[in-house]
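Enquirer: Sequence:
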Amino acid sequence: MIIYFASLATLLITAFWTIDPFTTRIVRDWNLDNFRIILTDSTYWSIIGRTVLLAVLVTLTDAVLAFPFAYYMARVASRRVQTLLFAAVLLPLWASYLARVYAWILILNHSGVLNWSLQSIGLPPANIGYTNTAMWVVFSYIWLPFMIIPIYAALERVPESLIEAAADLGARRWRTLRDVILPLAAPGVLAGSIFTFSLTLGDYITPALVGGASSSFIGNVVYANIGIANNIPFAAALSMVTVVVMAVYLFVAYRLGAFEAL
Numbered sequence: 506m507i508i509y510f511a512s513l514a515t516l517l518i519t520a521f522w523t524i525d526p527f528t529t530r531i532v533r534d535w536n537l538d539n540f541r542i543i544l545t546d547s548t549y550w551s552i553i554g555r556t557v558l559l560a561v562l563v564t565l566t567d568a569v570l571a572f573p574f575a576y577y578m579a580r581v582a583s584r585r586v587q588t589l590l591f592a593a594v595l596l597p598l599w600a601s602y603l604a605r606v607y608a609w610i611l612i613l614n615h616s617g618v619l620n621w622s623l624q625s626i627g628l629p630p631a632n633i634g635y636t637n638t639a640m641w642v643v644f645s646y647i648w649l650p651f652m653i654i655p656i657y658a659a660l661e662r663v664p665e666s667l668i669e670a671a672a673d674l675g676a677r678r679w680r681t682l683r684d685v686i687l688p689l690a691a692p693g694v695l696a697g698s699i700f701t702f703s704l705t706l707g708d709y710i711t712p713a714l715v716g717g718a719s720s721s722f723i724g725n726v727v728y729a730n731i732g733i734a735n736n737i738p739f740a741a742a743l744s745m746v747t748v749v750v751m752a753v754y755l756f757v758a759y760r761l762g763a764f765e766a767l
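Those letters in the sequence shown? Residues 506 to 767, by the working numbering.
These aren't lab readings, by the way, just hints derived from the structure by calculation. Any given hint could be a false lead.
Here are the in silico distance ranges between beta carbons for each label pair [said to hold, decoys possible]: (1) A592 <-> R662: 17 to 27 Å; (2) E665 <-> L595: 23 to 33 Å; (3) A592 <-> D525: 32 to 42 Å; (4) R680 <-> W535: 52 to 62 Å.
All figures in this text were calculated on a predicted structure; none of them were measured in a lab. Where a beta carbon is used, it is the ideal one built from N, C-alpha and C, also for glycine.
Produce the entire structure from the sequences given, and follow the hints as far as they go.
Expert: Printed below as a string of structure tokens:
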């Protein structure tokens, strides 16, 4: 924990430095130039907005997909089926991240499996390869297990006696789901959203491989400024944007009780 906060402090300090345009060396004169560029340049606002919006969309998508799956695992499936489903959820995590991304590239590109399947049944090709839609699909798939597991853990802890009491009081299944199960499972949903939101917010591999050259996200810009542009102070300043966004998100999640499910 000490090392983690020390690295964040170092990152913050570096963000106040600049680069000499002639020697490309770091000038350790304290100023706000990097933050001023981020706040005043509409390009960076667009990049930040696009990244946060995609993180929100992926989080919402995974929550919608994960809840019924986790509910079936926790409340309906037999112990044997539950084990099989758990293995199915965890199995993709054993595969390489890059292997899963490249598999989706083969599916979504212009001559991929998706377009071929649609054309074979007489439908027009989707042509979503190397777009923001492709990134949304890939991110939703890759981070889905991180949403399923916390929701499953929260649903498994719902006392059966509360569900029986709701039935005894005349509540139907949907009313029980809305008034009993969903409020108790909400911390699990929020805990899962922390994973999906933060992992999407800081990723740069999937946007680079799946989104194409026109898809600029915070992670890609940070990577470019560290490698190609050799402007580490500006990369540190832009990285602090993700730190601030996640700090706000974690505070809201904490106030809503997300850490009860962790």
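Enquirer: Tell me the hint numbers this structure goes against, listed in increasing order.
Expert: Violated: hint 3 alone.
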